[in-house]
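Protein chains: 2
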Amino acid sequence: MFKLYYAPGTCALASHIALEEAGAPYTTEKLDFKSNQQNSPEYLKVNPKGRVPAMVTERGVLTETPAMLAFIAQRFPQAKLAPLDDAYAFAEVQAFNSYLCSTVHVAHAHKMRGARWATDEASFVDMKRMIPKTVGATFALIEHDMLRGPWVMGDTYTICDPYLYTLGLWLEGDSVDVSTLPKVLAHRRHMEQRPAVQKVLAEEKR
Amino acid sequence: MFKLYYAPGTCALASHIALEEAGAPYTTEKLDFKSNQQNSPEYLKVNPKGRVPAMVTERGVLTETPAMLAFIAQRFPQAKLAPLDDAYAFAEVQAFNSYLCSTVHVAHAHKMRGARWATDEASFVDMKRMIPKTVGATFALIEHDMLRGPWVMGDTYTICDPYLYTLGLWLEGDSVDVSTLPKVLAHRRHMEQRPAVQKVLAEEKR
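Chains as they are written, first to last, in this note's numbering: chain A, 1 to 206; chain B, 1 to 206.
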């Protein structure tokens, strides 16, 4: 039985959906970011990084969304969430997810988490002003060069899909003009028709 | 035969070392960042992101260091560069590499690449001032919570090691007090005793 630590509105949603799609045995624990619970002494024992997601397994705690997604795919191969028998195809999946974590998520983080990299209020204002452009540029690359459709890797649903869906939910809040991203929006609609996605969204809203 | 695009002093060194350790058949092509060759029309056809590394394979182009490192480990299993038969241990390797790409490398990038996320000169100055602290904090976590020693994962050398080594080479330039990082420095010395590392360093200097 796994235990997933998450907070609503965060990238932990991707792993939450993947666990559900995999039919994995898991429970969840919601952290309250408003009271900074991710930096409480109790949680820092689980994840010294003070972030979500983190997942307790029978062997230890896993963090980092791309690693967790690949782990879920490998541990539950019958769910066919990644091309496990094809190193090149698996690398394409991983490259997509790595781009999401190191470039797309990082671009978005400069809206509210500027204090990770700067100290002056004027710098935060500068960073926030850039958000529609910087986040928009990452999604433009996804729209034009990466998202094959209907799923990220084409006809087959993979661990790329819940991750793209999750970060794509931030687009409107980041003031990106989503009318320029028809494939990304179609992908979102396809995702929201999946029972696993509907179930997880309802649970995170509770 | 693979072809690795790299530039000296970049994170492409990690994949370069891994290819050498794996005994993979490969050639290299050096890009000149001073003339902005990574954004030339020719190179953007190889990698629309305008970054290194990129690796041409018989099936297509791979990017993103964590994905490339796992691919090299999977394609050349006899080199034993990752625990391929143990999903949890493989996830630990991936979580470490994901932390390097999305947090450690990103922290460092705010020194010279602030224009990715801001526009004002004052913001760049602010970001640069934070570098010793932000990069230092990521390596303090590695030193105390992640690097098992002598290799990242303990007794066994993996694809985490060339990646940590590569980003660790930036510490002095980032004005991090490396005397607080004895395990990281010992890891660097171990790496520099490996013939594959010596060969690749010599080639990148040419």
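For the record, the hints were derived by calculation from the structure and aren't laboratory data.
Keep in mind that a hint or two might mislead.
Calculated lysine-lysine pairs in the DSS-like style (CA-CA distance at most 30 Å, straight line) [unchecked claim]: (1) A/Lys-133 x B/Lys-205; (2) B/Lys-128 x B/Lys-34; (3) A/Lys-49 x B/Lys-49; (4) B/Lys-111 x A/Lys-128; (5) B/Lys-49 x B/Lys-34.
**Study point:** Restraint check for B/Lys-49 with B/Lys-34, where alpha carbons must lie at most 30 Å apart
**Key:** At roughly 17 Å apart (the allowed maximum being 30 Å), B/Lys-34 and B/Lys-49 satisfy the hint.
Review point. Regarding the pair B/Lys-111 and A/Lys-128, is the alpha-carbon distance no greater than 30 Å?
Key: holds, 19 Å
Review point. Do the alpha carbons of A/Lys-133 and B/Lys-205 lie within 30 Å of each other, as the hint requires?
Key: Roughly 37 Å separates the two Cα atoms, so the pair is violated.
Point to revise | Proposed proximity, B/Lys-49 with A/Lys-49 (alpha carbon, max 30 Å) | key: Roughly 29 Å separates the two Cα atoms, so the pair holds.
Point to revise | Pairwise hint evaluation, B/Lys-34 against B/Lys-128, where the allowed Cα distance is 30 Å at most | key: holds, 20 Å
Against the hints set out earlier in the document, a violation occurs for number 1 only.
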